[in-house]
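J.: Residue strings, one per chain:
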Amino acid sequence: MGYVAAKGGRYAILNAEKLVDYFRLKGRTLPLNVKTIEEQFRLACDKVMSEGSLYAPELAALALKQAEGDIIEASFLLRAYRSTLPRIGYSEPVDTEEMFILRRISSAFKDIPGGQILGPTRDYIQRLLRFELLDEKKEKKYKSFSHIKEGKLVQKVPKLVNLLREEGLLPKPKVEKDEEPYDITRCALVFPLPRSGVLQAMARGEEGGMMAIAYSSMRGYGDTHPTLAELRVGYVFLKIKHPLTGKTVKVGEILATEAEVIAGKPTQAGEEVPQFTLGYGLVFGHNERKAISMAMLDITMRVQEPKHPAESQEFVICHIDSIESSGFTAHWKLPHYVTFQSDLDRLRKIQKEKNLKIKVKSKK
Amino acid sequence: MTEMIKGYNFAFIDEYAKREIRRKILKAVSIPGYQVPFGSRELPIARGWGTGGLQITLSLIGKEDILKVIDQGCDDSVNAVNIKRFIKATTGISITADTLKATIIQTRHRIPEEELTEAQILVFQVPYPEPLRLVEPQEAQTRRMHAEMDYAKIWVFLYENIVKWKEITIGARYPVFVNGRYIMDPSPIPRYDVPRLNYARTLYLFGAGREKRIYAIPPFTEVKPLEFEDHRFRIEDFTAKSCALCGSKDTFLDEIVDGDRRIFTCSDTSFCKKRREDPNIPKSSVKK
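Those sequence lines, one after another, are chains P and Z.
In terms of the numbering used here, the first sequence opens at residue 1 and continues consecutively.
In terms of the numbering used here, the second sequence opens at residue 365 and continues consecutively.
Note that these hints are calculated values from the structure, not bench results.
Certain hints may be false.
Said to hold, decoys possible - Each pair of labels, with its calculated beta carbon distance range:
| # | chain 1 | residue 1 | chain 2 | residue 2 | range |
| --- | --- | --- | --- | --- | --- |
| 1 | Z | E512 | P | K172 | 52 to 58 Å |
| 2 | Z | E379 | P | L30 | 56 to 62 Å |
| 3 | Z | N543 | P | K307 | 36 to 42 Å |
| 4 | P | E92 | Z | A483 | 48 to 54 Å |
| 5 | P | R87 | Z | N543 | 33 to 39 Å |
| 6 | P | V249 | Z | A483 | 16 to 22 Å |
| 7 | Z | E591 | P | A212 | 40 to 46 Å |
| 8 | P | E179 | Z | D462 | 52 to 58 Å |
| 9 | P | R28 | Z | G371 | 29 to 35 Å |
| 10 | Z | E512 | P | L25 | 57 to 63 Å |
Said to hold, decoys possible - According to the in silico footprint, chain P covers these stretches of chain Z (three or more CB under 8 Å from chain P):
| # | segment |
| --- | --- |
| 11 | 397 to 404 |
| 12 | 616 to 628 |
On a predicted model such as this, the values are computed, not experimentally measured, just so you know.
Virtual Cβ for every residue (Gly too), placed ideally from N, Cα, C.
Construct the entire structure; sequences and hints are all you get.
T.: Next comes the structure, spelled out in structure tokens:
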């Protein structure tokens, strides 16, 4: 017999594990320092923290090292690690007006209170390969950085949407006091999903998936043509209520990207005064594409009767989680010979019933 | 086979999560065939690779348990081995390939050939918990359809199949009626295994990790495949075929391509091994 069904799995698995390490290190280059990854693959680490849904820069860098730079695999490592951590409590809501600004722009007005702050962006850099980086010398670079003082970030830059709200162009947010957020890590998704659940699902969603669906709406499957009211990147304090004193205390800071888009569609059914609609995106780390995509989807999903994929809450939320979509995509590599046997049996029977048989030339 | 890994809770997930899962299992047992949503945790095994079944197993398992894990009926298949490696490393419990010795059996796509008893639990890994997904993509709709027992669409689907093909096209994952109330997806077991769900002595638990649902068939529950009076449910046809290794004619067989030939072997590798030692060993050791 030429074939023995998938036996000896144990040894094959152990050897596969060894080979993975071998291919990572076989070139005998210096093993990557985790701190180097954290600092020089800053954006990749941010993406991993965001999609892994755990703010832990060092662990994100470690995951990237272990996964040989595969973002989805690294996010998966972080997400699995997250399951081992107890949830101690919820933080206080973050006021992003208090953000220490790295970058802040608005495309709604030419000038805005607090000014346009370009910050670290590639938006206006020509995408030319810089061959000098093939052999980068550190000393020379450091000298040119001497006048940059990151310690003096501006804070309390007024938010544009607040100004628009004061003018009555945007509705005031409905704040429910002490409302418990719908936590999708503790409750299964139900539809319609409460807004807190929708925002949480998108905050941990995959950039590529979200961008594709948001893009479909911008391009023509839907009619979203919003204006980016404000995009800001910076540090915000993480605050919790002290369990003993009940006072609000700072426990750390996180880097976050926030996008606010306003839709040109002024009226909503049942509204007396026409107003703009606000779409909101907030993600861990520096990730503008994801924050904008999230804000766009936040708007497209408000449509009462969905006609396009981006407008269906269930469609969007069920398909943007990279841990779930990648796992299921990969599962087709698992053996399926029992189910295939059942399918074979059906097809043979149907061919026989219908007296249909595709004629195949015999080999000999 | 593997050393215990340090720094993790017994059976990996935290005790609060285990309690939640056990509560959801109790609800599932109380409403046979009803899909109970649960807060599915991410595990170090990928989604779609058995994380639903695995969360059930991890939340039920104790130090005295003896575990068997199969994939397509086989104990030695790579994913079954990987799952066992993970559970062993986080619990240290005993592992067996012998169906009759196991207290908990986790399975993908098969029910072991040997009849299980009241003392055992069979945990199924489920990719698609929703039997109506075939005819309705939206979760909000399928939940309503179950609540109202609005099952017309799936009956029409089966009927149209027969009209068009003179046969129902569903291979594995054949929908069943549980306790006269809910239509349920039995996971992608072959149709051969479907009648074995009916009035079984064992507790059957189903876990879908990615889709975040748990459901159950308690012991001695009526489970019927969907069929018509004039078009009966039919299992896979292995007429005139037998296992090339043990000679069994009464087991589910895997078809293997061997050059120009097709040969067949038992899908349940553990039982096949027993039959090779004793060809007369029965499938049921339960005294009736």
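J.: Next step is simple, just say for each hint if it's right about the structure.
T.: Each hint tested on the structure:
1. E512(Z) / K172(P): 52 to 58 Å: Cβ of E512(Z) to Cβ of K172(P): about 39 Å, so the range 52 to 58 Å is violated.
2. E379(Z) / L30(P): 56 to 62 Å: With a Cβ separation near 42 Å, E379(Z) and L30(P) fall outside 56 to 62 Å, so the hint is violated.
3. N543(Z) / K307(P): 36 to 42 Å: 39 Å, holds
4. E92(P) / A483(Z): 48 to 54 Å: Distance hint for E92(P), A483(Z) holds at roughly 51 Å.
5. R87(P) / N543(Z): 33 to 39 Å: Holds - the Cβ-Cβ distance for R87(P) and N543(Z), about 36 Å, lies within 33 to 39 Å.
6. V249(P) / A483(Z): 16 to 22 Å: Violated - the Cβ-Cβ distance for V249(P) and A483(Z), about 53 Å, lies outside 16 to 22 Å.
7. E591(Z) / A212(P): 40 to 46 Å: Since E591(Z) and A212(P) have Cβ atoms about 42 Å apart, the given range 40 to 46 Å holds.
8. E179(P) / D462(Z): 52 to 58 Å: 53 Å, holds
9. R28(P) / G371(Z): 29 to 35 Å: Once the Cβ atoms are compared, 31 Å apart, the range 29 to 35 Å for G371(Z) and R28(P) holds.
10. E512(Z) / L25(P): 57 to 63 Å: 59 Å, holds
11. 397 to 404: Satisfied; 4 residues make the cut.
12. 616 to 628: Coverage by chain P holds here, the residue count being 10 at a Cβ distance below 8 Å.
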